[in-house]
Structure formats: structure tokens, C-alpha cells
Amino acid sequence: MSLRGRTSIVGAYEHPGRDLPDRSAAQIHAEVALGALADAGLGLRDVDGYFCNGQLGFGAISLAEYIGLKGLRYTDSTFTGGSSYLCHVGHAALAVASGKCRIALVTQGARVRGIVRGPKLPPDTPEYAFEAPYGETNIGIYALAAQRHMYEYGTTARQMAEVKAAAAYHAQFNPDALLQKPVTVEEVLSSPLVADPLHRLDCCVITDGGGAVIVASSEVAADLKRRSVKILGHGEAIKHTMSGRLDVTYTAAVWSGPAAFEEASVSPADIDYASIYDSFTITVLMTLEDLGFCKKGQGGAFVADGALRVGGRLPVNTDGGGLCNNHPGYQGGMIKIIEAVRQLRGEARPQVQVKNCELALAHGTGGGISRLCSATLILGRGDA
Amino acid sequence: MSDTALPAPPPLVIPETKPFWDATKAHRLVLPRCLRCSFVIWYPRQFCPECGHGAVEWFEASGQGSIYSFTIVRRGEGAYRDTEQYVLALVELQEGPRVLTNLMDCNPEQLRIGQPVQAVFCDAGDAAALLRFRPLIRG
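Taken in sequence, the protein lines are chains A and B. Residue numbers for the first sequence, in my numbering: 333 to 716. Residue numbers for the second sequence, in my numbering: 77 to 215.
Looking at chain B on its own, in the form it has when it is part of the complex (with noise of 0.2 Å):
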């Protein structure tokens, strides 16, 4: 798979969401995290829905994490239509929350479920990049 094929199509940043999608453009991943309880919270909120704080903090998380599952998509829509096929995955950040994503920079016949991965970063129009993953290569 060309991962220069894969569509970055620019997600709509809005005031809440801009410190996440701001931290990516410099490849950098932040997250906001409740002030009050603590937890992690995906997708990025500015209150917490777990205990219902109105404050988080961003702090900057590892961008390591592990497959916790995948699959070859081989008939995209919308900006993927023309893609051949793509992986599609959840991947479970250091940190705790399941992200949707992509996997990129490898094999996907040779994908697993516990597989370490760890964070990249595709531009995606000028006020955003999109977090995307690849294999850990230890060493």
C-alpha cells in the first residue's frame, strides 16, 4: 500500500476542539484530560463527560499505543473512493482512550490485535494534521 495515496481531507477545527488540532500541525499530540477526575477524554471536549467538570487541562501525551483492532478497507467513500483499500483501526493510546485511525508504513497482511504502534502525523489542509499510526520498530 502507497501511503502517499492515503486522502487527508481537513477535519473542521472549531474553537473547542483548536488546542488538539493546533498540537498536531506541529506534529505533536495533545489531550485534554478533567481537571477534577482526572480521566483522558477522546474525542477532545472542553468539559469532562465522564464526571461533568467544565475544565480540562492539555497535557502532551506519549503518541505510543497498541492495535486493538483493524481491517482492510477495500471499498472506500466519500474522499476514500478512489483509494484501492486502506486500514481502518482502533488503536488504544498509552494513555487510555481508543482512537479511530489509520495504520500506515506497513504490511497489512501481517497486522495483529496487541500490536505496539506509535503516532505520525499527515497535513491536512493548513489548521489541522491527522494522527495516523505505524508499527513500532523497536531498537
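For reference, chain A alone in the conformation it holds in the complex (with noise of 0.2 Å):
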């Protein structure tokens, strides 16, 4: 069954807040629900499926009860890091589409600033003992990719501070980014290394908050005042070590980006703006190439002579990104999709909202760079 065009987005809703040491994340996930279905014009007894990623409680369970979900007819609590919200939105355009429900909520709720993070996995996880013990950090991870990549194709520290520069400009057009001072590729550069060649603001911000969206059969969405969003493709997949032959150059976009691209019947040339995750500034030359906007390798030139920004050939991350505005709770793909949302809409912040929007792209990668998740959205205005 192809999902193109047969649900929509009808209500997104970002957090304002970036720390929130007086909330709790259950907190979060009501009021980011609350926002969401105001946005949409819609209520609490409305809502039939729900989608969260399950780490806050029992499953989906506790906060169906928490937020006052009644009627529940789909849950699913989905876990893939960064990108589980893309997967939830997928899923839930699925379910929809089934009938297996009728309007979903996705919720995002995040309270980690100031808290030491434990272990990111329980002791008993397989590769654990081949890993933790020799200080695997997420950004080490992502310094061998970015390491290797430089190897492999001549990609320059200057290239992925471009990265951070683009974010940084469009952030000083969101008030409620964390960071909003533009930042030049040269102080990128001169920012203490964290993990060569990774430099402290190659990496993305630490917030509190999260978000929400609405999920609805399109017909739903023809009765909402408020304008919606087409889904129009979804596809995810996850790579690993691939039994301890691990290659650190590429992301499971390879795979999920043909999927979504397919099932929207588009190719990356169509698309008018996009929300490339962005845990550090490697991230994003990796992923535009694994979603074709460029050859293999050639990432680093891409980006390097502006075309993330607005006005560029691929406005990428305009709300600024995981690297200034916005990573709740190290999980970055929910803000991607409400501001893939916002500029369909074309409710961008004035200056960086791209005209004629009608297409955008939204990607999340949640996981390291040895084992992870990528899920890709395409979505489309909703009158186009």
C-alpha cells in the first residue's frame, strides 16, 4: 500500500522552552500533546492512536494515562533514537491509512540539562562488552566517520564547519533557539577539539522540550480550518556493523531515502527545503549524500559555498538546527518534522522561510554512526 498523499500532518507544536529544570518530561509530552491538537483544532478525545518512544514509563502506557488518552485503538512506542519520530509519523500514516485508527498524536517530552547521562545501554546489550569498555563515546563515533570520510574523499574541517555556520545563520532568526549568535567557519575551527576532528561546536546542543504532531486521513484534514501537510512518502532502515565489517562512510539514508523518494514518486532534485538531522556537523555531508542531493564524497563541496542556506541551492535546518536551536533530550528528529512542517505552511521565521515551499524532506538518524536508524519523510503542501 503506498501512503502518498493519504494522510497529513494537521497540527505540530514545538516546545518553546530549551531548559525547563521546573518540568517534569511527562509534563513535556502534555503539554507539546496539548499544543499540538490546539494547533490542529482538535481535543484529547479525539486522539484514537498514540506514538512516543516508550522510554518514559511502561511502553505508551503510562502516558496514554497521563495526558488523559481515552479510546485508544493503535499505540506503538517505536525506539529508534533520534529518528524514532520520523518512524512514528510513517507508522502512524500507516495506521491511518489502515483505518486502524483515526488521528494520531506523536509526543516528544525531554528534561536532561544538568543531568550526568548514565549508561547509554544496560550492561547486557551485545555489543556492550566489545564497545563501552574502551570509552566509546557517541561523538568518538561519529569522529572515526568523520575521520574516515576526510580519508576516503579529501573532506576538510572547513567543509563540515560550513555546516554549523548555515545553522547559526538561520538561528539568529529564532528566538527560542538556544543558541542564536551566528558563528563564522573559522571560529568553528578555533573551538576546542572534542574528538579530532571534531570541535565542540561540530556538535549539537543538549535542550529540555520536545514537540508533537497530528496524524490524520487527509479527508480529516479537509474538514480542519488550519492548513495541513501532505505525507507523501515515508522509508526507514537500519544499519549495523554488518557482522563486524563495519564501513563508517555511509548511513541506512542509502536506503531509506530511495524508499520515501519512491513512494512519493519525487527525486531529491524536487525537493525545496530540507531537515537533515544534524547530531554534529558530519552528520548532515554524510546524509545529503546518502540521500542523493549529491554524489558520494562530494558533501563537502556541496555545502561549502553556502547552499544550506536560505536562498542556497538546498535550504537545509532553517530554525537552525540540532546544532543551535533545538535537540531535545539528544533526539533530534522531532524538531526536523515541525520545521519541515512550517515552512510547507509557510510559517518559517520571515527571513529564512523559502518560497513557493511544496516540497520538503525531513531525515532523522537516530543511534551512533556503527549501528543505527535512518528514516526519511517527504512531505507536500497541502493544497499543491
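I should point out that these hints are in silico values taken from the structure, not numbers from a laboratory. Just so we're clear, the structure is a prediction, and the values are computed from it rather than from any experiment. A hint or two may mislead.
Restricting the straight-line Cα-Cα distance to at most 30 Å, the calculated cross-link-like pairs of lysine-lysine (DSSO-like) are [what the hints assert, rightly or not]:
#1 A/K513 x A/K687
#2 A/K452 x B/K94
#3 B/K101 x A/K452
#4 A/K628 x A/K687
#5 A/K432 x A/K402
#6 A/K432 x A/K557
Build the complex from these two chains, which are given one at a time in their own frames, with help from the hints.
This is the structure we're talking about:
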């Protein structure tokens, strides 16, 4: 069954907070749920499908109770790290299109700032004994990818730094962004190295907060007053070390991207705006290549001349992205979807609104680079 | 970098991976190989994730490899929180697998991708030693 255009995102809400010491994660889930429902012109009683990442409480059950969701007919607590929410929207679109539920709510709520992060995985995770004792860190793993990408393709630290500079350029127009100050390539390169070749400013921010979206059938969307956004294509894929033959120079976007493009019947050249997961600057370079926006290995050259800035060949992360705006709870996927929705509704900040934005892509990358889930959504303007 | 400062947190040893860790305790590298398709499996398992066969044999590996990628981590976490810096690397073993590890006995600034390395073992608790590498000195 092709999902193309059968369902829509009818409501979206990004929590305006970035540092929320007085909130619980559950409270943030509820605030964004109510925010997205109000945006859609719907109420709690309308929701019959619920999607969350299952990290808080017992799958989706605890939050369903806390938020006050009754009459749920469909739930899904898929956890794929930062790409979870793109998976959720794809799964929700499938559930709605097949009649399993009518109005699906997807929420993210996170409260992490100032809290020391414990072990990422329980010790009985099979790979844990072979990686954790060596001081494996998320940035360390991405640094290994960046180093190898530089070796194989001649990518430079300066090219990666432009990804941050472009994000910072956009973030200056976003009063909710955690970091709103423009940053130059030189400032990125002179910031302290955290794991060579990645500097402090090659890394995303850590924030509290989150967001929510509502997925409904395109018939429901037509009855609502608010402008909606059509879900045209979805793809997701998992890549891992392949029994110990890890190639760190590409992500699972090489599979999720083509699946989403095929379902939407469009190609990378048709995309007007892209939200690209930016845990680190190298993540963006590799993902642009893997999604087919440029040839493999050409990501550095693609971004170097300002292509990612509004007015460029492919405006990316016009909210300031995870690098400057928001990366709640170490998971940036929800915010990626929401900025794509803003662009397609014509509701981005005026300075970064892409003119005649009809087709957008949102992409999430969850996990590390050694094992990850890539999830891609293609979204279209509701009236297009 | 002082190698004696590298932490050696004990890995969780379970029956499935005990043959691997037992060998490391004796400072030997053994790897599982599929009895049907001969694929050399990493990380160690007692079945073949390539062909689905349910039996493996453990064989003595060379301990030789080359650097596939490396990074100097300057902000460690967990057991490495107080380690000023250390080299995290992916080493490609001569037998095929690429393993996550540390490089030691080296000047990190002079490391390069492709450089040959040799296994070394660092005792980690009573049940295991960590598989690390150092640049191979020829001659």
C-alpha cells in the first residue's frame, strides 16, 4: 500500500522552552500534546492513536494515562533514538491509512539538561562488552566516521564547519533557539577539539523540551480550518556493523531515502527544503550524499559555497537545527519534522521562509554511526 | 599519553563469549569462524549472523591489523571521565573484522589510517583482558 497523500500532518507544536528545570518529562509530553491539538483545532477526545518512544514509563501506556488519552485503538512505542519520531509519523500514516485509527498523536518530551547521562545501554546489550570498555562515546564514533570520510574523499574540517555556520545563520532569526549568535567557519575551527576532527561547535546542543505532531487522514484534514501538510513518502532502515565489517562512511539513508522518494514519486532535485539530522556536522554531509542530493564523497563540496543557507541550492535546517536551535533529550527528529511543516505551511520565520515551498524532506538518524536507524519523510504542501 | 592511565573496565563475560575472553586472559586472540560458510564473526557469537548456521569454531588469530580510522577523544565519559585523552580506533584485523579498540604506546599526533598495528592485552578484572593495539614496529 502506498501512503502517498492519503494522510496529513494536521497539527504541530514545538515546545518553546530549551531549559526546563521545573518541568517533568511527562509534563513536557502533555504540554506539547495539548499544543499540537490546539494547533490542529482538535481535542484530547479526538485522539485514537498514540505514538511515543517508550523511554518514559511502560511503553505508551504510562503517558496515555498521564496525558488523558482514552479510547486508544492503536499505539506504537518504537524506539530508534533520534529517528524515532520520523518512524512514528510513518507508522501513524500507515495505521491511519489502513483504518486502524483516525487521529494519531506523536509526542516527544525530554528533561536532560544538567543531569549526568548514565550508561547509554544496559550491560547485557550484546555489543556492550566489546565497545563500552574502550571508552566508546557517541561523538567518538562520529569522529571515526569523519576521519575516514576525510581520508577517502578529501573532505575538510572547514567544509564541515560550514554546516554549523549555516545553522547559526538561520538561528539568529529564531528567538526560541538555544544559540542565536551567528558563527563563522573560523570560530568553529578554533573551538576546542572534542574528538578529532570534531570541535565543540561541530556538535549539537543539549536541550530540554520536545514537540508533537498530529497525523490524520487527508479527509479529516480537509474538514479542519488549519493548513495541513501531506505525507507523501516514508522510508526507514537499520544499518549496523554487518557482522564486524563496519563501513562508517555511509548511513542507512542510502536505503530509507530511495524508499521514501519512490513512494512519493519525486526525486532529490524536486525538494525545496530539507530538515537533515544534525547531531554533528559530519552527520549532515554524509546524509546529503546518502539521500542523493550530491554524489557520494561530494558532501563537503556541496555545502562549502553556502548551499544550505536560505536562498541557496538546498536550504537546510532553517530553524537553526540541532546544532543551534533544539535537540531535546539527545533526539532531534521531532524538531526536524516540525520545521518542515512550518516551511510547507509558509509559517517559518520570515527571514528564512523558502519561497513557494511545495515539497520538503525531513530526515532522522538514530543511534551511533556504527549502528543506527535512518528514517526519511517526504512532505508536501496541503493544497499542492 | 601515559598508557598506564588508560582505564580497563571489566567487560560482562557471559557463557556465549567466554571462549573469547578466556583467551584474552592468556593474552591470546581467538575468533569465532562459521563452520559452514567460514565467515569470521565479530563481535563474538556462537552462531553465524551471515548465513544463519548454528555452530562456530574458535581459532587463533594473528593479532595483526591496520588502522581503519582513529580519533583522539578529549572528553571521556563513564570510566574514562577522568582520562585526559585517549585514542579510540577501528582496527581492521588481518582476518577481516573491524574492531572498536584503543591504540596505545604511540604518539597520537603521528598515527595515520592504514598503519599496521599489533594486538596487546590489558587485564580487566579477573575474567578478561581488553584487546588493544599498538603500532607495529618492524625489524
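Right, here's what the structure says about each hint:
The hinted pair formed by A/K513 and A/K687 meets the criterion: a straight-line CA distance of about 24 Å does not exceed 30 Å. Distance hint between A/K452 and B/K94 is fulfilled; the C-alpha atoms sit about 24 Å from each other, no more than 30 Å. For a cut-off of 30 Å, the pair hint linking B/K101 to A/K452 stands: about 27 Å separates their Cα positions. For the given pair, A/K628 sits about 28 Å from A/K687 by alpha-carbon distance, which is consistent with the 30 Å threshold.
Among the hinted pairs, A/K432 with A/K402 is consistent with the structure: their alpha-carbon atoms are about 15 Å apart, no more than 30 Å. At most 30 Å may separate the alpha-carbon atoms for a hinted pair to count; A/K432 and A/K557 meet this at roughly 24 Å.
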